[in-house]
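Student: Sequence:
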Amino acid sequence: MTSGEPAEGPQAYVRVRGPVRERYALITGASSGLGAAFADRLARSGYSLVLVARDRDRLSAVAERVTGRYGTRCEVLPADLASAADRRAVVERLGRGVDFLVNAAGFGVSGSFWSVESAALDAQLAVNVTSTQEFTRAAVAHMLENGGGTVVNLSSITGLVPGRGSTYAASKAWVLYFSQGLSHALRGTNTRVMVLAPGFVRTEFHARAGIDVRTVGDGWWMDPHDVVDQCLVDLRRGKTFSMPGIRNKAFIAAVSRLPRALAQRVNRMLGNAGARA
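49 is the number of the first residue of the sequence shown in the working numbering; add one for each residue after it.
Everything labelled a hint here was simulated from the structure, so no lab data went into it. Cβ coordinates follow ideal geometry from the N, Cα and C atoms, glycine included. Some hints could be false.
[Said to hold, decoys possible] Keeping only pairs whose Cα atoms sit at most 20 Å apart, straight-line, the calculated SDA-like set for lysine to any residue is:
{"id": "1", "residue 1": "Lys287", "residue 2": "Thr237"}
{"id": "2", "residue 1": "Lys287", "residue 2": "Asn238"}
{"id": "3", "residue 1": "Lys297", "residue 2": "Gly207"}
{"id": "4", "residue 1": "Lys287", "residue 2": "Thr184"}
{"id": "5", "residue 1": "Lys287", "residue 2": "Ala298"}
{"id": "6", "residue 1": "Lys287", "residue 2": "Ala221"}
{"id": "7", "residue 1": "Lys297", "residue 2": "Tyr225"}
{"id": "8", "residue 1": "Lys297", "residue 2": "Asp271"}
{"id": "9", "residue 1": "Lys297", "residue 2": "Val281"}
{"id": "10", "residue 1": "Lys287", "residue 2": "Tyr225"}
{"id": "11", "residue 1": "Lys297", "residue 2": "Gln228"}
{"id": "12", "residue 1": "Lys287", "residue 2": "Gly247"}
{"id": "13", "residue 1": "Lys287", "residue 2": "Arg235"}
{"id": "14", "residue 1": "Lys297", "residue 2": "Ala221"}
{"id": "15", "residue 1": "Lys287", "residue 2": "Leu234"}
{"id": "16", "residue 1": "Lys297", "residue 2": "Gln278"}
{"id": "17", "residue 1": "Lys287", "residue 2": "Ala301"}
{"id": "18", "residue 1": "Lys287", "residue 2": "Ala233"}
{"id": "19", "residue 1": "Lys297", "residue 2": "Gly247"}
{"id": "20", "residue 1": "Lys287", "residue 2": "Gln228"}
{"id": "21", "residue 1": "Lys287", "residue 2": "Gly229"}
{"id": "22", "residue 1": "Lys287", "residue 2": "Ala218"}
{"id": "23", "residue 1": "Lys287", "residue 2": "Ile300"}
{"id": "24", "residue 1": "Lys297", "residue 2": "Gly286"}
{"id": "25", "residue 1": "Lys287", "residue 2": "Ser231"}
{"id": "26", "residue 1": "Lys287", "residue 2": "Gly196"}
{"id": "27", "residue 1": "Lys287", "residue 2": "Leu230"}
{"id": "28", "residue 1": "Lys297", "residue 2": "Thr184"}
{"id": "29", "residue 1": "Lys297", "residue 2": "Leu208"}
{"id": "30", "residue 1": "Lys287", "residue 2": "Leu208"}
[As the list claims (entries may be wrong)] Computed spacing ranges between beta-carbons, pair by pair:
{"id": "31", "residue 1": "Arg295", "residue 2": "Tyr225", "range": "19 to 25 Å"}
{"id": "32", "residue 1": "Arg185", "residue 2": "Phe161", "range": "25 to 31 Å"}
{"id": "33", "residue 1": "Ser163", "residue 2": "Glu70", "range": "45 to 51 Å"}
{"id": "34", "residue 1": "Gly94", "residue 2": "Asp271", "range": "19 to 25 Å"}
{"id": "35", "residue 1": "Ser166", "residue 2": "Arg136", "range": "18 to 24 Å"}
{"id": "36", "residue 1": "Val281", "residue 2": "Gly145", "range": "23 to 29 Å"}
{"id": "37", "residue 1": "Ile294", "residue 2": "Glu70", "range": "27 to 33 Å"}
{"id": "38", "residue 1": "Gly143", "residue 2": "Ala221", "range": "27 to 33 Å"}
{"id": "39", "residue 1": "Ala301", "residue 2": "Ala218", "range": "21 to 27 Å"}
{"id": "40", "residue 1": "Thr115", "residue 2": "Val164", "range": "36 to 42 Å"}
Produce the complete structure using the sequences and hints provided.
Tutor: If you want it as structure tokens, here you go:
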């Protein structure tokens with residue numbers, strides 16, 4: 049499957065009785081990267097979209113692109129997820145109902161943990177963890193009472209094998225275990241939660257975080273659309289955890305079998321590829 053071949057959408061996961069109604073997907077981090085790729089694929093699958101990110105102009109550009117391509121209805125909701133007031137606006141929109149939620153917003157902080165400004169670490173925690181918790185709670189509560197739905201939360205392989213980025217890795221480990229626990233709690237209901245744990249993806253993430261990835265070989269990188277396509281395939285197969293990329297799967301499987309001391313050495317080697325708190 050290539051980035052030019054959209055995956056079939058996950059239509060089966062929203063069950064509607066009676067006349068067909070409009071289905072909505074709310075996507076955070078939708079202005080670029082994986083969030084924008086989810087917007088493209090879910091619009092292709094027939095969802096109307098609510099696009100959330102800080103940059104109104106870039107959100108509008110994504111909305112215009114998917115509307116022109118698929119005739120999709122789009123709402124643009126600019127929000128800084130580090131702001132409690134802006135998060136409340138997103139929670140309010142979720143309270144009016146969506147069928148599919150993608151928590152794709154997130155960022156890393158460059159520099160050593162002890163030297164980074166506390167405000168930057170607090171913002172990272174708010175975007176990566178607090179918004180995921182608040183938005184998932186609002187969406188799931190409505191889904192359970194209104195025909196069900198799907199939530200995809202974005203973690204990372206660093207949540208399984210942390211390198212130097214201690215706070216970022218910890219935030220992604222939180223997303224992983226939160227999502228898996230909630231998925232278990234929702235078994236037997238009409239609502240599903242999946243966690244997506246990609247490796248290196250060709251997005252703006254590393255440049256924005258000031259992370260040097262020049263030592264990472266081309267074979268490790270994936271296109272955002274390919275990551276999303278595999279996630280949606282895994283979703284249709286009933287999986288609750290998606291890790292696109294054969295190399296990523298093999299790497300995590302190998303490291304998980306190493307003695308703890310050796311695994312920690314691998315983690316330190318990973319940390320040398322860049323500096324983040």
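Student: Next, verify each hint and record whether it holds.
Tutor: Going down the list of hints, with the structure as the test:
1. Lys287 with Thr237: Given that 20 Å is the threshold and the Cα spacing comes to 15 Å, the pair holds.
2. Lys287 with Asn238: holds, 15 Å
3. Lys297 with Gly207: OK: Lys297 and Gly207 at ~14 Å, within 20 Å.
4. Lys287 with Thr184: holds, 18 Å
5. Lys287 with Ala298: holds, 18 Å
6. Lys287 with Ala221: holds, 18 Å
7. Lys297 with Tyr225: Given that 20 Å is the threshold and the Cα spacing comes to 18 Å, the pair holds.
8. Lys297 with Asp271: holds, 16 Å
9. Lys297 with Val281: holds, 16 Å
10. Lys287 with Tyr225: holds, 15 Å
11. Lys297 with Gln228: Holds. Lys297 to Gln228 sits at ~18 Å (cutoff 20 Å).
12. Lys287 with Gly247: holds, 18 Å
13. Lys287 with Arg235: Holds, at roughly 12 Å.
14. Lys297 with Ala221: The given pair, whose Cα atoms are some 17 Å apart, holds under the 20 Å limit.
15. Lys287 with Leu234: holds, 13 Å
16. Lys297 with Gln278: Holds, at about 13 Å.
17. Lys287 with Ala301: holds, 18 Å
18. Lys287 with Ala233: Given that 20 Å is the threshold and the Cα spacing comes to 15 Å, the pair holds.
19. Lys297 with Gly247: Given that 20 Å is the threshold and the Cα spacing comes to 9 Å, the pair holds.
20. Lys287 with Gln228: holds, 11 Å
21. Lys287 with Gly229: holds, 14 Å
22. Lys287 with Ala218: Violated - the C-alpha atoms of Ala218 and Lys287 are around 23 Å apart, more than 20 Å.
23. Lys287 with Ile300: Roughly 18 Å between the alpha carbons, so the hint for Lys287 and Ile300 holds.
24. Lys297 with Gly286: Since the Cα atoms of Lys297 and Gly286 sit roughly 18 Å apart, the hinted pair holds (cutoff 20 Å).
25. Lys287 with Ser231: The hint holds at about 10 Å.
26. Lys287 with Gly196: The given pair, whose Cα atoms are some 17 Å apart, holds under the 20 Å limit.
27. Lys287 with Leu230: Cα-Cα ~14 Å, so holds.
28. Lys297 with Thr184: violated, 26 Å
29. Lys297 with Leu208: This hinted pair holds, its Cα atoms lying about 11 Å apart.
30. Lys287 with Leu208: Holds: Lys287 and Leu208 sit about 18 Å apart, inside 20 Å.
31. Arg295 with Tyr225: 19 to 25 Å: holds, 24 Å
32. Arg185 with Phe161: 25 to 31 Å: holds, 29 Å
33. Ser163 with Glu70: 45 to 51 Å: Since the Cβ atoms of Ser163 and Glu70 sit about 49 Å apart, the hinted range of 45 to 51 Å holds.
34. Gly94 with Asp271: 19 to 25 Å: At roughly 23 Å between Cβ atoms, Asp271 and Gly94 fall inside 19 to 25 Å, so the hint holds.
35. Ser166 with Arg136: 18 to 24 Å: holds, 23 Å
36. Val281 with Gly145: 23 to 29 Å: holds, 26 Å
37. Ile294 with Glu70: 27 to 33 Å: violated, 37 Å
38. Gly143 with Ala221: 27 to 33 Å: holds, 28 Å
39. Ala301 with Ala218: 21 to 27 Å: holds, 22 Å
40. Thr115 with Val164: 36 to 42 Å: holds, 39 Å
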